[in-house]
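Build out the structure end to end from the sequences listed, making use of the hints.
As you go down the protein sequences, you meet chains A and B in turn.
Reminder that position 255 of the first sequence reads as 255 in the numbering used here, one-by-one numbering, no gaps.
Reminder that position 25 of the second sequence reads as 25 in the numbering used here, one-by-one numbering, no gaps.
Be careful, since some hints might not be right.
Unchecked claim - Below, a sample of chain A positions facing chain B; criterion: calculated Cβ distance under 10 Å:
id : residue
1  : 21
2  : 27
3  : 30
4  : 52
5  : 61
6  : 62
7  : 63
8  : 66
9  : 584
No lab work stands behind these hints, which were simulated from the structure alone.
Nothing here was measured: the structure is a model prediction, and the numbers come from that model.
Every residue gets a Cβ at the ideal spot worked out from N, C-alpha and C, and that includes glycine.
Residue strings, one per chain:
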Amino acid sequence: MAKILNLFRSRRDRLERDLDRELRYHIDRRVDDLMKNGSSEAEARRRASLELGGVAQVQEEVRDTWIWRGLDALVLDVRYSIRGLVKSWGFALGTGAVLGLGLGASVAIFSVVNKVLLQPLAYPDAERIVSVETFWTNTGRASADVSGPDFRDWQAHNDVFETMAHYEGEEDVAVVVADRAGFANDMYVSPNFFSVFGQAASAGRLLTERDVPTGGARPTVVVVRHRWAESHFGSAEAAIGKTITVYGRPTHVVGVAAPGFSYPGATDLWVPWRSTGTNRSASDFNVVGKLKAGVALASAQAQMRTIGDNLSRQHPENRLKTVSLTPLQERLTGNVQVMLWVLMGAVIAVLLIACANIANLMLARAVVRTREIALRAALGAGRSRLVRQLLTESAVLGALAAVVGILLASLLVRLLVALSPANLPRLDEVRVDATVLLFALGLSFVSTLFFGVVPAIHASRLDLSDALKQGGAKGTTSGSGPRLRAALVVAEVALSVVLLSAAGLLLRSFERLQRVDLGFTTKRVLVAYTQYAVNSPEDRLNRPRFYADLLERLRAVPGVSAAAGVAFLPMGRELRPASDYFVEGRPDGQPGERPKAEYNGITPGYFETLGIPIRAGRDFDRTDTPERPRVAIINETLARAAFPGESPLGKQLRRGPKAPWLEIVGVVADTRWQDPSQPPPAVIFAASAQGAGGSLSILVRTSLDEASLSSTLRTLVNDVNPTVPVRFETMEKLFADALAYPRFRTQLIGAFGAIAALLAAVGIFSVLAYLVGQRTREIAVRRAVGAQTADVIRLVVGQGLRLVALGLVLGLAGALAVARLLEGLLYEISPWDVATYLGALTVLGVAALLATVIPAIRATTIAPLIALQQE
Amino acid sequence: MGSSRFPIPQGTLDMLILQILSLEPAHGYAIARRLQQISREVVQVNQGSLYPALHRLEQRRWLKAEWRQSETGREAKFYSLTRAGHTQLAVEKTSWDRLTASVRLIFDEGK
Numbered sequence: 001m002a003k004i005l006n007l008f009r010s011r012r013d014r015l016e017r018d019l020d021r022e023l024r025y026h027i028d029r030r031v032d033d034l035m036k037n038g039s040s041e042a043e044a045r046r047r048a049s050l051e052l053g054g055v056a057q058v059q060e061e062v063r064d065t066w067i068w069r070g071l072d073a074l075v076l077d078v079r080y081s082i083r084g085l086v087k088s089w090g091f092a093l094g095t096g097a098v099l100g101l102g103l104g105a106s107v108a109i110f111s112v113v114n115k116v117l118l119q120p121l122a123y124p125d126a127e128r129i130v131s132v133e134t135f136w137t138n139t140g141r142a143s144a145d146v147s148g149p150d151f152r153d154w155q156a157h158n159d160v161f162e163t164m165a166h167y168e169g170e171e172d173v174a175v176v177v178a179d180r181a182g183f184a185n186d187m188y189v190s191p192n193f194f195s196v197f198g199q200a201a202s203a204g205r206l207l208t209e210r211d212v213p214t215g216g217a218r219p220t221v222v223v224v225r226h227r228w229a230e231s232h233f234g235s236a237e238a239a240i241g242k243t244i245t246v247y248g249r250p251t252h253v254v255g256v257a258a259p260g261f262s263y264p265g266a267t268d269l270w271v272p273w274r275s276t277g278t279n280r281s282a283s284d285f286n287v288v289g290k291l292k293a294g295v296a297l298a299s300a301q302a303q304m305r306t307i308g309d310n311l312s313r314q315h316p317e318n319r320l321k322t323v324s325l326t327p328l329q330e331r332l333t334g335n336v337q338v339m340l341w342v343l344m345g346a347v348i349a350v351l352l353i354a355c356a357n358i359a360n361l362m363l364a365r366a367v368v369r370t371r372e373i374a375l376r377a378a379l380g381a382g383r384s385r386l387v388r389q390l391l392t393e394s395a396v397l398g399a400l401a402a403v404v405g406i407l408l409a410s411l412l413v414r415l416l417v418a419l420s421p422a423n424l425p426r427l428d429e430v431r432v433d434a435t436v437l438l439f440a441l442g443l444s445f446v447s448t449l450f451f452g453v454v455p456a457i458h459a460s461r462l463d464l465s466d467a468l469k470q471g472g473a474k475g476t477t478s479g480s481g482p483r484l485r486a487a488l489v490v491a492e493v494a495l496s497v498v499l500l501s502a503a504g505l506l507l508r509s510f511e512r513l514q515r516v517d518l519g520f521t522t523k524r525v526l527v528a529y530t531q532y533a534v535n536s537p538e539d540r541l542n543r544p545r546f547y548a549d550l551l552e553r554l555r556a557v558p559g560v561s562a563a564a565g566v567a568f569l570p571m572g573r574e575l576r577p578a579s580d581y582f583v584e585g586r587p588d589g590q591p592g593e594r595p596k597a598e599y600n601g602i603t604p605g606y607f608e609t610l611g612i613p614i615r616a617g618r619d620f621d622r623t624d625t626p627e628r629p630r631v632a633i634i635n636e637t638l639a640r641a642a643f644p645g646e647s648p649l650g651k652q653l654r655r656g657p658k659a660p661w662l663e664i665v666g667v668v669a670d671t672r673w674q675d676p677s678q679p680p681p682a683v684i685f686a687a688s689a690q691g692a693g694g695s696l697s698i699l700v701r702t703s704l705d706e707a708s709l710s711s712t713l714r715t716l717v718n719d720v721n722p723t724v725p726v727r728f729e730t731m732e733k734l735f736a737d738a739l740a741y742p743r744f745r746t747q748l749i750g751a752f753g754a755i756a757a758l759l760a761a762v763g764i765f766s767v768l769a770y771l772v773g774q775r776t777r778e779i780a781v782r783r784a785v786g787a788q789t790a791d792v793i794r795l796v797v798g799q800g801l802r803l804v805a806l807g808l809v810l811g812l813a814g815a816l817a818v819a820r821l822l823e824g825l826l827y828e829i830s831p832w833d834v835a836t837y838l839g840a841l842t843v844l845g846v847a848a849l850l851a852t853v854i855p856a857i858r859a860t861t862i863a864p865l866i867a868l869q870q871e
Numbered sequence: 001m002g003s004s005r006f007p008i009p010q011g012t013l014d015m016l017i018l019q020i021l022s023l024e025p026a027h028g029y030a031i032a033r034r035l036q037q038i039s040r041e042v043v044q045v046n047q048g049s050l051y052p053a054l055h056r057l058e059q060r061r062w063l064k065a066e067w068r069q070s071e072t073g074r075e076a077k078f079y080s081l082t083r084a085g086h087t088q089l090a091v092e093k094t095s096w097d098r099l100t101a102s103v104r105l106i107f108d109e110g111k
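Dropping the structure here:
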């Protein structure tokens, strides 16, 4: 490209030089002749040039005859533009940076939107993969949890699915590879699971029907994730045939999935399984299916709905259930859709504001250059040529900004990925790819048109004689310039109000979330995940002993003030459906209408460790052994719901119609559970020593620092049982992670709002400064006829504030319209929160006022005499 | 600029240039002087349109140009007719003759 340009340039230069020489020769000869006839040299030169009709004019006409003119003129325009921009490098740098920032941010956000929402999942025929779900007719909501018998009926009666698979899993299973204990994410899947996703093995084989254990046996083979195979065995091939210990059982690695495949979530191990349960009230599985080619979602939905309706007539447990289909992509990204579109809208608003600012600057430049443009027009440059020149200048700026933007975007994407919640779907796939580049180029083109056309139109309407008469750098006040500039400022202010209001709402919401009373302390609490595999009756007996022993030793460590174990951590990542409960002496109620409560297994000391007050009764203690009657502690929400107006102590409840009764021995204060924004659910705590829950997470309240305690704890665990893996976390980190999404969107929208306000202030400043310049003469006359300083300030500030006020009003209307979108993202704050809107208006109003003050002060320094003399 | 002179008809300038150059190579100023002589007699040639015309003809490869020493000793750009230029001149002369002849015929008819 550079070579071609060079070729053009050298040829072009030669032609220009020759033309110059040729015309100079003509003039000189003519001057000589005229002087021989007695003219003075000056007179001769004047005449020679006049006869020719102006050298510049002739040059322009000759250039018009050069046939490669089209391309050549473009090169020339670009060169003029670059030369012009280099001359006013401050302007070029400023606009390039502002627009580049706007573009970069937009492109970065788009790269996330593109990957997460727009691009199909990275599986063959991904658009045919759907999540098959239970639809609850009483709540009108779909739930991904499906019972085994329902799944089997769905599979047997439909003819719209090519395959339908179920999966179920827990995070963090204990895996021992070559004597090293660690955690892996395992997933129990039906053997046809991989065919839903069109997957092939990268080494070994995938699962088959024969791998499914029968007769209550446990699975003995496993397919592992590509990355997991590499990190544990060096390569996919090396993993095949190896034996690893999964949850205490020797298991053979028979296959490695294709690189990049880890569905669902970040699964490391796929274990063959088949649903055999008969309880239709259980909700054990998630179901995915691949529709047959050519089957529309709606007709598949209709058939499945019929199947579901039939089942609900046949089985009382299914009375309130039917089936619904959700495209898998929508299921995976449903939670973040609104957030991402809001972010995209916000960043485009920032870009628009940046464009408006640049349009303003270009307009100012065009006005300053009015005389230059008028001169060139008078000298014969065609009007279209001038407009083209101005557009080329915009395009050069746009190209500069695109380069800045794309470079910036590739950095911002990394920042964005680092800031994003770790479980944002497909986060690891986000990058600046071809689609994103195309988007960037398109966006910069559109932006360029936006800010380039305005000044070009303005210039094309210039009245030449007027512009030339006015002269100087002051240009003309006539035409559409001032009105356009005012409109741009109003738009900037309005957009900024929208962004700032949204940012304000999210900020206040986030602030409340952060200060929410969880009902327990997160300070100085260390969390250690462990897993103790249970494969035999002895294991089942030994596990409570292991934990009791471990906690005993832990409490003896100096600096540890309390320690306890819990099956399901508050703010933890496990998502379990709450289960039904039954109270002794009351009717069991209908399935689907029974009250529900969370169920958790804990050791004595749990409430003390987290600082949860016991309202009545007692904590669990050493006497609550497997041989003793089963006991439970409930929280106040459950006490209010199940035992209004009476004491729950001594009452009995259970989790299934045939489960053992639990006697309530205590009532504790409410705590929030997994999502800090949700009110505390009803909870039943049972004693882990009596078999409640499985493996425990250890909570330690300590004055020691995290690092030293964690090494102590690791040593303790290793001493007691080296096959138990440990992983550490702090309660504060868990709480922070639980707020990852609100934090992410608040940070981004807050940043966008701040940039918007800043840009708007700069915009107001530049327009007012320009208008004061325009009105110098008028102000001088006013001063001359006795206007006071205060009057002048009032004049300028008044002019600015009129624009700002209009922008604020329009912005407020826009903000209220946008607020509805935000409703779902807000916690304990109304989308119509008056204080927030007042705050946004005030911030912007003050910024605008400051931006008007400097031009106003400048206006007061106009000395009437000097200003008038200049005319 | 006497009223007795009329502006040179469109397209005629090219023909005149070709004619002038068919006699001998010349630079722009010499051509301009020749044109001036013609224009003093009858037609008005705008000098400003000479150079665009020269460049246009050169683009069409009817003229070629080279830098040569002129009568004053300075380098000037001399134009001369190419073979295609000679052909073109012949073509234009013929069509001009036919045009004027037919116009003459029409005028004579009224007599």
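Status of each hint after checking the structure:
1. 21: At about 7 Å, which falls below the 10 Å cut-off, the nearest Cβ of chain B leaves the hint on residue 21 (chain A) intact, so it holds.
2. 27: holds (9 Å)
3. 30: Holds - the Cβ of residue 30 (chain A) comes within 10 Å of chain B, reaching about 7 Å at its closest.
4. 52: Given a least distance of 5 Å, the restraint on residue 52 (chain A) holds.
5. 61: Since the shortest Cβ distance to chain B is 4 Å, the answer is holds.
6. 62: Nearest chain B Cβ about 5 Å off; hint holds.
7. 63: Holds, about 9 Å.
8. 66: This hint holds: residue 66 (chain A) lies near chain B, its Cβ roughly 7 Å from the closest one there, short of 10 Å.
9. 584: violated (106 Å)
In summary, the one numbered hint that this structure violates is 9.
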